[in-house]
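Work out the full structure: start from the sequences and follow the hints.
Chain order of the listed sequences is X and R.
With numbering that gives the first Met the number 0, the residue at position 155 of the first sequence is 154, and numbering never jumps.
With numbering that gives the first Met the number 0, the residue at position 307 of the second sequence is 306, and numbering never jumps.
No lab work stands behind these hints, which were simulated from the structure alone.
Heads up, some of the hints might be wrong.
Quick list of in silico lysine-lysine cross-link-like pairs, PhoX-like style, CA-CA up to 20 Å [to be verified]:
| no. | chain 1 | residue 1 | chain 2 | residue 2 |
| --- | --- | --- | --- | --- |
| 1 | X | Lys-136 | X | Lys-166 |
| 2 | X | Lys-166 | X | Lys-191 |
| 3 | R | Lys-112 | X | Lys-115 |
| 4 | R | Lys-112 | X | Lys-242 |
| 5 | X | Lys-379 | X | Lys-295 |
| 6 | R | Lys-242 | X | Lys-112 |
| 7 | R | Lys-115 | X | Lys-115 |
| 8 | X | Lys-112 | R | Lys-115 |
| 9 | R | Lys-136 | R | Lys-166 |
| 10 | R | Lys-191 | R | Lys-166 |
| 11 | R | Lys-295 | R | Lys-379 |
There are 2 protein chains.
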Amino acid sequence: MKTGSPIYLDHAATSWPKPERVSQSMLEILNGPAANSGRGNYRMAMNAGRTILQTRTALAQLLQVENANDIVFTSNTTEALNLAIKGCLREGDHVVATMVEHNSVRRPLEYLKRTKGIQVDYIPVSAQGVLDMAELKERVTSQTRLVVCAHSSNLLGSILPVEEIGKIAHAAGALMLIDAAQTIGCYTVDVKQTGADMIAFPGHKSLLGPQGTGGLYIRPELELEPLLHGGTGSQSEAVEMPKVRPDQYEAGTLNTVGIAGLGAGIRTVMEYGIEKIYQHEWQLTQQLMQGLLEIKGLTCLGPELGMPRTGLVAFTLEGFDAAEVAFRLDRQYQISVRAGYHCTPLGHMSAGTTGRGAVRASVGYSTTVQEIEALITAMKQIAQ
Amino acid sequence: MKTGSPIYLDHAATSWPKPERVSQSMLEILNGPAANSGRGNYRMAMNAGRTILQTRTALAQLLQVENANDIVFTSNTTEALNLAIKGCLREGDHVVATMVEHNSVRRPLEYLKRTKGIQVDYIPVSAQGVLDMAELKERVTSQTRLVVCAHSSNLLGSILPVEEIGKIAHAAGALMLIDAAQTIGCYTVDVKQTGADMIAFPGHKSLLGPQGTGGLYIRPELELEPLLHGGTGSQSEAVEMPKVRPDQYEAGTLNTVGIAGLGAGIRTVMEYGIEKIYQHEWQLTQQLMQGLLEIKGLTCLGPELGMPRTGLVAFTLEGFDAAEVAFRLDRQYQISVRAGYHCTPLGHMSAGTTGRGAVRASVGYSTTVQEIEALITAMKQIAQ
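As structure tokens, this is what we get:
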């Protein structure tokens with residue numbers, strides 16, 4: 000599938016190409032005898048239910064969650080984060096977040112500031128992507144209801160110490176929510192290790208599933224106000240959402256076809272192994288940085304060479320507009336990268352790129368050394 | 000695809016099988032060069048954007064909407080109804096709904112009763128599915144903010160006079176929201192004709208798209224509070240959702256693959272023609288009712304023979320549990336129908352089937368006369 004294809008380096012937005020078994024699984028459930036899960040007890044409806052359960056179980060295994068029903072499906076990370084944030088915060092609550100949060104965290108928080116008078120502290124992050132832990136410790140108090148943190152910055156690529164942050168949150172009696180948009184599938188995200196109360200994640204990035212999938216892990220004892228109220232196929236006579244997981248948080252018809260594809264994506268990731276994927280992607284980012292840093296006027300954002308980072312490198316080139324660089328990479332070199340603001344204005348403030356944006360190249364498990372070489376060569380030509 | 004397949008008569012839950020071009024369109028976008036719409040200006044991202052625009056445009060044509068951006072994508076009807084209802088109602092508002100609303104309308108309303116003190120009147124519907132218009136006229140006053148109405152009852156199959164109801168709503172200064180879950184794709188749902196302010200609809204029922212798709216039409220001047228706050232790829236530096244459609248209501252990554260499939264489904268529907276589909280389905284329901292009514296102790300719910308109805312017939316059989324009937328149809332006859340409460344407890348109150356539930360058979364554009372005959376024969380044998 001890759002021969003003759005463009006060089007795709009925007010895996011942080013969505014992975015591509017998907018493994019072939021992803022589309023196979025989707026076709027099987029779309030064209031095979033499968034109907035609407037939980038909406039009937041006939042076999043076709045149960046086939047749909049079984050597929051959804053398989054993917055839920057695979058996710059539980061990946062996240063080290065004991066009961067798969069503590070993982071609920073959403074249509075993307077944004078929905079998962081909205082469910083988590085709006086579901087747990089009440090009038091006047093205090094929240095601690097970081098400066099590298101994506102708009103999918105920041106905008107729900109700002110909305111609740113406006114409508115429910117919550118208070119939010121955004122903890123500074125250095126240009127290298129390092130969180131100011133002293134400041135965090137100071138800001139998390141017994142008044143804090145929620146600490147929310149990107150596991151890895153989608154602009155800087157740095158990995159945040161969510162385990163340590165979670166301990167600080169829990170010591171203060173606060174909840175810990177991890178936004179695993181940039182880590183699930185390419186870096187260990189593990190409920191046991193992190194002790195997180197909630198983990199929001201996408202299905203279509205490093206888990207290699209199709210767009211339209213994502214989910215939220217919710218600790219068993221934690222009860223959220225559902226984001227969606229509606230039919231569940233269970234306890235239909237009740238006016239309230241049934242207090243049964245996953246139904247309580249999954250009103251309406253699920254994306255059965257997408258969830259089938261996600262299951263196949265997760266199986267691929269688990270066969271490869273997360274550690275191997277991380278190492279592969281890290282090697283590629285190091286190769287890329289080494290090549291790019293030879294270019295005069297080019298600055299790579301985030302962690303320095305040799306430091307841990309997820310599979311993305313954002314950079315600026317003096318005298319060049321980010322959008323122009325991306326445009327030329329696309330048109331002249333068939334290389335797909337993303338340019339612009341990456342939905343994280345405070346992240347750009349941390350990086351010192353406010354008003355300028357950045358070019359971001361991001362790799363996946365299938366990205367090759369040759370593709371990185373092609374990008375380096377192209378950038379050298381553009382910079383001349 | 001149908002040879003040797005079970006006889007599928009649960010189209011009101013989800014249509015099956017989907018036209019072959021639906022999976023073809025999905026595969027093309029999944030495996031072809033297409034990335035994340037609106038998250039980059041490179042060609043692969045624009046390919047995804049183009050696909051989404053095509054489906055949005057097809058929907059606009061179907062719904063007679065001038066500007067396709069007034070239609071926003073959701074993951075199902077439930078999300079569309081949650082966006083519509085929670086997005087327009089404020090503290091203390093008055094709402095008029097009907098007794099045949101699905102839980103996807105009733106549960107959001109009951110939630111807002113509890114949290115925002117809204118007041119709701121559910122207008123009675125007769126066992127034949129006829130809404131008490133006199134009562135409706137009385138309840139809709141200048142205090143009413145929203146009138147919400149199922150276009151067709153998912154239990155009774157009756158078609159509600161949404162055009163007339165909309166006029167009453169507008170005369171009182173209220174908004175009109177139509178739940179088109181059971182009509183879009185098999186009965187005319189038209190913004191121009193109905194004058195509705197909002198229309199919520201599924202992609203995976205009579206529009207023949209995959210699960211995980213749906214949408215909401217929102218009248219141009221009407222501004223809702225978004226249900227999801229998050230990244231839009233546009234105006235990333237703003238803390239608020241951009242007031243640009245469709246971005247304002249579409250935070251997060253869309254289900255590009257599903258939306259591609261939905262586009263193919265809509266094209267199939269438009270080629271067949273809505274009126275032809277309605278007539279085909281109506282003929283089949285009449286055939287089914289005629290056959291079923293010969294069975295002693297069997298009662299069909301909703302409109303009488305010869306009256307308009309959408310493609311579903313719910314029924315009870317004296318001395319038989321609905322679930323048992325559905326189970327036997329599935330196991331002994333390979334016929335898939337749904338039994339139970341159909342997510343509409345007040346609908347069952349209208350039908351007089353509270354505590355008993357009902358068996359529901361529902362047809363699609365591809366259902367055949369032979370399949371209906373098979374169900375009638377099976378029911379005659381079961382009843383003996």
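Given the hinted pair Lys-136 (chain X) and Lys-166 (chain X), is their Cα-Cα distance within 20 Å?
10 Å, holds
Between the alpha carbons of Lys-112 (chain X) and Lys-115 (chain R), is the straight-line distance 20 Å or under?
18 Å, holds
Pairwise hint evaluation, Lys-295 (chain X) against Lys-379 (chain X), where the allowed Cα distance is 20 Å at most:
9 Å, holds
So if I understand the rule, the pair passes when the alpha-carbon distance is 20 Å or less; does Lys-242 (chain R) with Lys-112 (chain X) pass?
19 Å, holds
Is it true that the CA of Lys-191 (chain R) sits at most 20 Å from the CA of Lys-166 (chain R)?
With a Cα-Cα distance of about 12 Å, the restraint between Lys-191 (chain R) and Lys-166 (chain R) holds, given a limit of 20 Å.
Would you check the hint for Lys-115 (chain R) and Lys-115 (chain X), treating anything up to 20 Å between C-alpha atoms as holding?
13 Å, holds
Measure nothing beyond the straight line between the CA atoms of Lys-112 (chain R) and Lys-115 (chain X); if it is 20 Å or shorter, mark the hint as holding.
Holds - the C-alpha atoms of Lys-115 (chain X) and Lys-112 (chain R) are around 18 Å apart, at most 20 Å.
Hey, Lys-166 (chain X) versus Lys-191 (chain X), does the alpha-carbon distance stay inside 20 Å?
OK: Lys-166 (chain X) and Lys-191 (chain X) at ~12 Å, within 20 Å.
Satisfaction of hint between Lys-166 (chain R) and Lys-136 (chain R), Cα-Cα up to 20 Å
10 Å, holds
Straight-line Cα separation of Lys-112 (chain R) and Lys-242 (chain X) no greater than 20 Å?
Judged against 20 Å, a Cα distance of about 19 Å means the pair holds.
20 Å Cα cutoff - pair Lys-295 (chain R), Lys-379 (chain R):
Holds - the C-alpha atoms of Lys-379 (chain R) and Lys-295 (chain R) are around 9 Å apart, at most 20 Å.
Hint compliance for this structure: every hint is met.
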